[in-house]
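Undergrad: The numbering of the sequence shown is my numbering, which starts it at 1 and goes up by one.
Read the hints as simulated data drawn from the structure, not as lab findings. Positions of the beta carbon are idealized from the N, C-alpha and C atoms, including for glycine. Just so you know, not all the hints are guaranteed correct.
Claimed, not checked - List of simulated lysine-lysine pairs, DSSO-like, C-alpha gap at most 30 Å:
1) LYS43 x LYS18
2) LYS48 x LYS8
3) LYS8 x LYS43
4) LYS16 x LYS29
5) LYS13 x LYS43
6) LYS48 x LYS16
What the hints assert, rightly or not - FRET-style restraints, in silico, Cβ to Cβ:
7) LYS13 x ILE51: 24 to 32 Å
8) LYS8 x LYS43: 22 to 30 Å
9) GLN58 x LYS13: 32 to 40 Å
10) LEU50 x THR19: 13 to 21 Å
11) ARG9 x ARG49: 27 to 35 Å
12) ARG9 x TRP34: 33 to 41 Å
13) GLN40 x LYS18: 23 to 31 Å
14) ALA44 x GLN7: 22 to 30 Å
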Amino acid sequence: MPVSEAQKRAVQKYNKEKTHSFTMRFFPKDGELWEHLQKQPRKAEYVKRLIREDMGDQGTDEIGG
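The task is simple: from the sequences and hints, build the whole structure.
TA: As structure tokens, this is what we get:
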């Protein structure tokens, strides 16, 4: 089913207002980290879990869920 232009604009507006993103670079010395990340089927979930675990180790309450 084709997506209307209005729907595309609505999604774009939502993403701009409600979501965040960032880019990360892996230098050659970090090759093993890159390879490990590439083995993860759900990279975003993996990174979020690591952050939540780190926050828990520091005694910070988990946000979201």
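Undergrad: Look at each hint and say if it fits the structure.
TA: Verification of the supplied hints:
With a CA separation close to 20 Å, the supplied pair LYS43 and LYS18 stays within the 30 Å bound. A threshold of 30 Å between alpha carbons decides the hint, and for LYS48 with LYS8 the separation of about 27 Å falls inside it, so the pair holds. For the proposed pair LYS8 and LYS43, the alpha carbon gap of about 25 Å is at most 30 Å, so the pair holds. Pair hint LYS16 plus LYS29 does not hold up; C-alpha atoms about 34 Å apart against a cutoff of 30 Å.
Simply put, LYS13 and LYS43 have alpha-carbon atoms about 25 Å apart, close enough for the 30 Å limit, and the pair holds. Distance hint between LYS48 and LYS16 is fulfilled; the C-alpha atoms sit about 20 Å from each other, no more than 30 Å. For the pair LYS13 and ILE51, the beta carbons lie near 27 Å from each other, so the given range of 24 to 32 Å is met. Take LYS8 and LYS43: their Cβ atoms lie about 25 Å apart, and the range 22 to 30 Å holds.
At about 35 Å, the beta-carbon gap between GLN58 and LYS13 stays in the expected band of 32 to 40 Å. For LEU50 and THR19, the Cβ-Cβ distance of about 19 Å falls inside the hinted range of 13 to 21 Å, so the restraint holds. A hinted range of 27 to 35 Å for the beta carbons of ARG9 and ARG49 is consistent with their spacing of about 33 Å. A C-beta distance of roughly 36 Å is found between ARG9 and TRP34, which places it inside the suggested range of 33 to 41 Å.
Evaluation of the 23 to 31 Å hint for GLN40 and LYS18 yields a pass: the beta carbon distance comes to about 25 Å. Distance hint for ALA44 and GLN7: a CB-CB separation of about 23 Å, consistent with the stated range 22 to 30 Å.
In the structure shown, a violation is registered for the earlier hint numbered 4 alone.
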